[in-house]
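S.K.: Given next are the chains, with one letter for each unit.
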Amino acid sequence: MRLDINGTTAEADPAPGQCLRTLLRQLGHTDVKMGCDTGDCGACSVLVDGEPVHSCVYPAFRAQGRSITTAAGLGTPDDLHPVQRRFIDAAGFQCGFCTPGMVVTASALDDPADPDLPELLKGNLCRCTGYRSIVDALNARIRVLDADCGNSRAVQSSLHPERGSGVGESVWAPGGRGVVTGTEGYTLDVAPAGLLHLAVLRSPHPHARIRSIDTTAAEGIPGVRRVLTHRDAPAVAFSTARHHNRLDDPDDTLVLDDVVRFRGQRVAAVVAESIGIAEQACRAIAVDYEPLPAVFDPQRATEPGAPLVHGDKGAESRIADPDRNLVAELHGEVGDVEVGLAAAVAVVEGTWDTQRISPTSLETHCCVGWLEDGSIDGAGRLVLRTSSQVPFLVRDELCRLFGLNREQVRVLTGRVGGGFGGKQELLTEDLVALAVLRTGAPVQYEFTRSDELTVAPCRHPMSVTVRVGANADGVLTALAIDVLADAGAYGNHSPGVMFHGCHESMGVYRCPNKRVDARSVYTNNLPSGAFRGYGLGQVMFGIECALDELARKVGLDPFELRRRNVVIPGDALVASSEHRDDLMFGSYGLDQCLDLAEIALRRGNGVAAPPGWLVGEGMALAMIATIPPRGHVAEASVSLDPLDPASLEAGGDYILRVGTAEFGNGTTTVHTQIAATVLGTEPERIAVHQSDTDAVGHDTGAFGSAGSVVAGRAVHSAATELRNRILARAAALTGVTDGRLGPVGVQCGQRLVELAEMAPLTAHACHDGTPRSVAFNVHAVRVAVDPRTGRVRILQSVHAADAGTVLNPEQCRGQIEGGVAQGIGSALYEELRLDGQGRVLTAVLRNYHIPQLADVPYTEVYFAQTVDELGPFGAKSMSESPYNPVAPALANAIRDAIGVRPHEVPMSADRLWRLITKR
Amino acid sequence: MDLHTITAVRRPGSRSELALGPGTTVLAGGTWLFSEPQLDLHTLVDLGGLGWPPLEVTGSGLTIAATCTLRRLAAFRGPGEWSALPLLHQCCAALAGSFKIWHEATVGGNICLGLPAGPMIALTVALDGVAVVWPAGGGERRMAVAELVTGVRRTALGPGDVLRAVEIPASALRARTAYQRIALSPLGRSAALVIGRRGEDDRFSMTVTAATERPYQLCFPTVPTAQELTSALAGISRWCADVHGARDWREHVTGLLAEKIRGALS
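Protein sequence lines correspond, in order, to chains A and B.
For the record, in the first sequence the residue sitting at position 315 is 315 according to the working numbering, with numbers rising by one throughout.
For the record, in the second sequence the residue sitting at position 146 is 1065 according to the working numbering, with numbers rising by one throughout.
Take the hints with a grain of salt, since some may be wrong.
Unchecked claim - What follows is a set of in silico ranges between Cβ atoms, one per label pair, in the way DEER data are often shown:
hint, chain 1, residue 1, chain 2, residue 2, range
1, B, G1056, A, D214, 37 to 45 Å
2, A, E290, B, T926, 33 to 41 Å
3, B, E955, A, T351, 34 to 42 Å
4, B, S1150, A, D116, 36 to 44 Å
Claimed, not checked - DMTMM-like mimics (lysine to aspartate or glutamate), calculated; alpha carbons at most 20 Å apart, straight line:
hint, chain 1, residue 1, chain 2, residue 2
5, A, K553, A, E349
6, A, K313, B, D1121
7, A, K313, A, D323
8, A, K918, B, D1121
9, B, K1179, B, D1121
10, A, K313, A, D251
Hint data in this document are derived by calculation from the structure and do not stem from the laboratory.
The C-beta atom is built at its ideal place from N, Cα and C for all residues, glycine as well.
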C-alpha cells in the first residue's frame, strides 16, 4: 500500500494485524514511541490526515492513502514547530520519551492554552515532570535561559556572577531539540541489519520445578533461530540488582532456572526473525511442571513450616537465612527504648502499610545487542545498547556471568526514557547477551507494558510499626520501628532498600533511645526492587504519620514538634547504632525548609474547598544522604579538541566524557553547566559522550541521586585540571602567566591565544563518593475531603527543598515537581493489586493509574539558601528525595480533615469513605 | 499493538460476505481489539466497507450505526427539541480513553465490549436504545441494549452475530436528562455512571452502569421519592468490584449520584 509520511510517499506492506506504530517505526520513524502499546499513554501519537490518534491501536492497513504526520514531521531540530519550541522554552520534558506524542497532540489542539487541558491531555502520560512545565509549554511561558542557543554570548549567572557562565542558571537541556522533534536516540531507535527478536515464555505457576521442557515443536517453526532454556544458561547465580559492590545483593537468580518462584518468571526464551514468530514459538514449548507449595503473605513466610522460596541456597548466596525466607534483617538499638517509652507522657503506636508501586518509566526495559568485529572467541566483542541507569555495572556482571573480560563487552545507553530506580536492575541484558552469543546475530528484547506491571520489580510493600514517645515538651524520649518488607521471589535490592529505608528516616530525629527491627522476606510474589526513595518513602510514611499523631497528643503544631526534635549540625546522625560512617552535615537547610513550608501554608493560596467538604492541613519532612553508601565512583574526562569528530558534530570545542546516563535526571545539563562554568565557555560548546563503557573507565551509575554530586564532582575536577593545563599552555606560548580563559581562547595581555592553538589537551578525574552530605525536603498540603464519597482534592501543595546551591533552578524545580507528582500517585491512586495467589490484576495502564494532568495540583517550590561543602559548587542531590515526604504529608492532612488516621496507601476514595463511615 | 496471530483482514462490501466463523471477529475502530493480544483470533472482518451511515435522523428518532465513531457522536447536532443531546458528549467524555481515541472508537465496539464502565452502554440504555442485531443466520433481531449487555465482557450476541445499529426513540431524546459520574481519580475510568431521564409523559428512569456488572435501568411511573429510589437501588444485586473501586463504596456512591439526579429532575 501507499501512504504519505511527513510529506514523503512511502510504500509499505503491513502485516494484517499490524498497528500503525510498528509500521512507522519499521519505516524508520523512530520518533513514534512505545510507552504502553494499549492506547493509554499517548507516546505514539501521530496525526492521520490531520487528526491525532494513538498509532498503537490504529490498524496499519487503514493508513493506506492517508497522510501521516509524526513529531519529526512537524519540525526539525533546525526548524522547530512553534509547539516544539514552547516545550524547549518551558523545559517541558525530562526524560523526553513522552514528548513527541505530547507535541503531536498539542499541535492538534485548536487552542494550546485551552482551559480544558486536563481532559484534552488525559491520553498523554508523563511520569517525570508532574505536568506543570508541560502546561507552561502549552501556555507559551518561557522558563529557561538562552533557549535560542545563542553561541554569541557567554551566559552570565545572575545568581552567582563570580562563577561565570552556566552554574545557577536555568540553562536549557542540551538534548532539547532532539527530544521535541523525536530525533534524540533512545535505546531501540537503532536497528542493526539482520536484527532478531527475543520473546520469553513465562511461568503460569507461582512456584514449581520444571521437570522437562520440550522445545522441538518450537524449533521447527520457520523463522525460529534459537530456543533457550535453563540448559543453555550459565550456572552462575547473580542478582538483578546492581551496586558498586556486587556483594551487597544476594546471588539468588539464574538467567534461566529450573525452578520458577513467581508467576511470570522466565521459563524459556525464543530468538526468531520476528517478535510474532518468537511468541508463537513460545506457545509451542511444552513444559512439564511440578507445582511446589507457595507462600504469598510475608508474615506467613516468616513462620515455621512456611514453604521455602530459596531453601536450596547456601551461604554463598549471601541470603541472611534461606531456611526462614529471610533475605536480610537488621536489629539495632541505642539507649533503651522501653525506658524511653516509660518516661514519655505521650506515646503513639501504630502500623502503616504501603503498597506495591510500579516505577512506570515510559520507556520499558529494553536492550539490543550485537557482535562487533566478529566472533567473541576472536577479536570481537559483545555490544549491548540498553535502557539502564548502570551500564558499567551491567557490563561487569555480564562479564562474570559469561566468563568474558571487560575488553570483550561494551555496554552503552542512548537517551534513557525514565528510570526511577527500575533500571538499576539487570532484567534484559543477560538474556540478550546469551542470545547474541548463541546466535551470533543482533538480538533485541523489549518489555511490554504488561511485563513492566507484572514481572518487573516493584516498590517493596512494607508494614511499618512505629512506637514513639515524647515528654510534655514534645521532645522525643523513644523512637522504635519494626519493619516487614515483602521482597517477593528474588532478593535483589531488598537488603539495600531495608537498610536505607531505616536509616535517614530515623537519623533525622534526635532521640536518646532508638530501636530498629527490620526484616525483608521472600514470598512467591513478583520481586520487589529499587524505586525512587529506596525504602525511605515506606518507612517515613509510618514515622511521619506517627509523629503527626504524637504532636496532636502533646498539643503541639507538627512543624513545632519537628523543630524540637530534628537533628542539627553537631548532632550525630544515628539510626539504630552508634557506628559512625562517612555521612556528615556538608550543609544544613532543614530549619529553612520547615520555615518556608510553614509560611507558605499559613499564607494560603486562596483556593477554597467545595461546599460540604472537610478541610485539613498536614506536613512531613524527609532527609536523604546525597550519595549512596558503600562506594559510588565516577570518572570523567574533559578534552579540548575542536577537531575531534564529536566536537565537530556538536559544533563545540570541548568533549566531556562521563559515565552517567541521562534519563530525565538532567545530569547532562548540569555536567555541561559545571564544565562550561569552569572553562569560561557556553554549555553549547561542550559535546558530551556519556553512559558508555568506552567513554571512561568506570561509573557506578545514575542512582541514589548521585549524578550531580558524584559524577558532577568528577566533571568539576577534570574541567578544573583541563583549565589549568590550558592556562599553562597559553603561558608557555606567550610568557604571560595570568591569562584569562574565555569562550574563544586565553587572553594573555594583548594577545588572544585561540583554543585551537592549544588543542588537543585532556584531563581526567575521579570522585569516589565519600564523604557524603545530607539533603532535606519538607512537604506541606491543605486538602479537602468529601465525607460523602471519600474523594480528596489538594487545595494547596507546598514543597521546600534544601538542595544546596541550585545548579539549574528550573531543572531542579522540575525534579521536585515530578517527585511530588509521583508521591501523589503513590498516596492517592497507584497500586499494583495482587489476587493473594501471586497474580497481578493491574496489568495495563488503564488499571494501574499513574497521575494524569488532572490529578496533579500546582506545587509551590521553595529552596533553602545553603552551600554544601562537599558537592560541586555547593550543590546537593535532589531527585529521589522530593518524593519521600509527600504521602505522609497527605495522610496527615487527610487525618486533620476527617478526624480518622489512614494507615494504608493508596488513600483511595473508597478506602477513605470506609474510614469516614466507621469513625 | 501488533496482533501477531492475525493472518487476514477481510473487508466485506455487503452483509452476505460477513460470514464470521471461529477465530474471526469484526473490526470496527480497533481501539480495544488492538490493545490486547488476541491469541484466539486469526481473521478480522473490517466493517468499514459496509458503508453504514453513522447517524441518521429518522421519523421515529435517531439511528446510530455500530460503526459510528465517538467523535461523530459527540459532535452531533440534532433537532432543537431533543433536549437529551448533551448526554452524547458527556458520555463520550466519560470514556477513559482520550479524545484521540474518539476519532476511531465506535459506539458499537464500546457496547459489545460489555465493560461495566462502557459509556456508550450507559448512554444507549438511558435513552431506551434498541439494538439492531444481524444474527449469523440472517434476518434482523431487535432487543433493548439493557438486555444486550448481560455481564462483565458478556453480551447476548451469539457467535457470528453482529450489532448493526442502535435506535434511539425520539421520545427519549425529548426527555430531560441528568448525568453523574464518579471515579477513583478525577478523569479515571468510571466507578459509577448514573443517568436519569424524565420524559414528557413524566415517566422516569434511572440508569445505573459502571458500578454494576451489567446495566440496570430502574423505571418509575413518575419521579420517585427518595425512599422509592433507595428501595429500587436496593434491588440491584450485581454490584461490581474491581480495581476501579470497592463494591460497597460503588453501591454507596451510586445512591448519592442517583439522589442528586432525582433532585435535579424533580
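S.K.: Tell me the hint numbers this structure goes against, listed in increasing order.
M.R.: Hints 6, 8 contradicted; others consistent.
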